[in-house]
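What the sequence shown shows, in mature numbering (1 follows the signal peptide of the UniProt record, and there is no 0), is residues -16 to -1, 1 to 105, in sequence order.
Among these hints, one or two may not hold up.
Stated by the list, open to error - With a cut-off of at most 27 Å between alpha-carbon atoms, the simulated BS3-like pairs for lysine-lysine come out as follows:
# : residue 1 : residue 2
1 : Lys37     : Lys82
2 : Lys82     : Lys66
3 : Lys66     : Lys84
4 : Lys66     : Lys37
5 : Lys37     : Lys84
Calculated directly from the structure, the hints in this document are not laboratory data.
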Amino acid sequence: MIRIIIACALVSLAAAAVIPDDAQAQIISYHNENDGSGNYDFSFETSNGLRRKEVGRVINPGAENQYTDVEGSFSYTDADGKLVEVFYSADENGYHVKEKPRKKITDRNFSPSVVASLLGK
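The task is simple: from the sequences and hints, build the whole structure.
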């Protein structure tokens, strides 16, 4: 009998679990600057973890070869719970996905035996 009660309790808990609905996501931060001449800077973050940041600057204003130089990024959490980050730029040559910036690894003065172990020696 106790097993039936425990099973019912577990089923009830699973049924009551809150599943986030992206349609219900709210904006938790927002920034937008536009100088009126084509230069801009904006960013936002939503309650479901979406983030976007972009800066655009007009290059050669008023000239025949005028364009907007853009640097930006966006991120989200995929269905497996992994953070996905995309960095990009756009210029007179088009849109470019950039490699994610890497953290600099500093010299920690590891002993030669530790380095050899990490290298599989």
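Now for the hints, and whether the structure bears them out:
no., hint, result
1, Lys37 to Lys82, "holds, 14 Å"
2, Lys82 to Lys66, "holds, 19 Å"
3, Lys66 to Lys84, "holds, 15 Å"
4, Lys66 to Lys37, "holds, 20 Å"
5, Lys37 to Lys84, "holds, 14 Å"
In the structure shown, no violation is registered for any of the earlier numbered hints.
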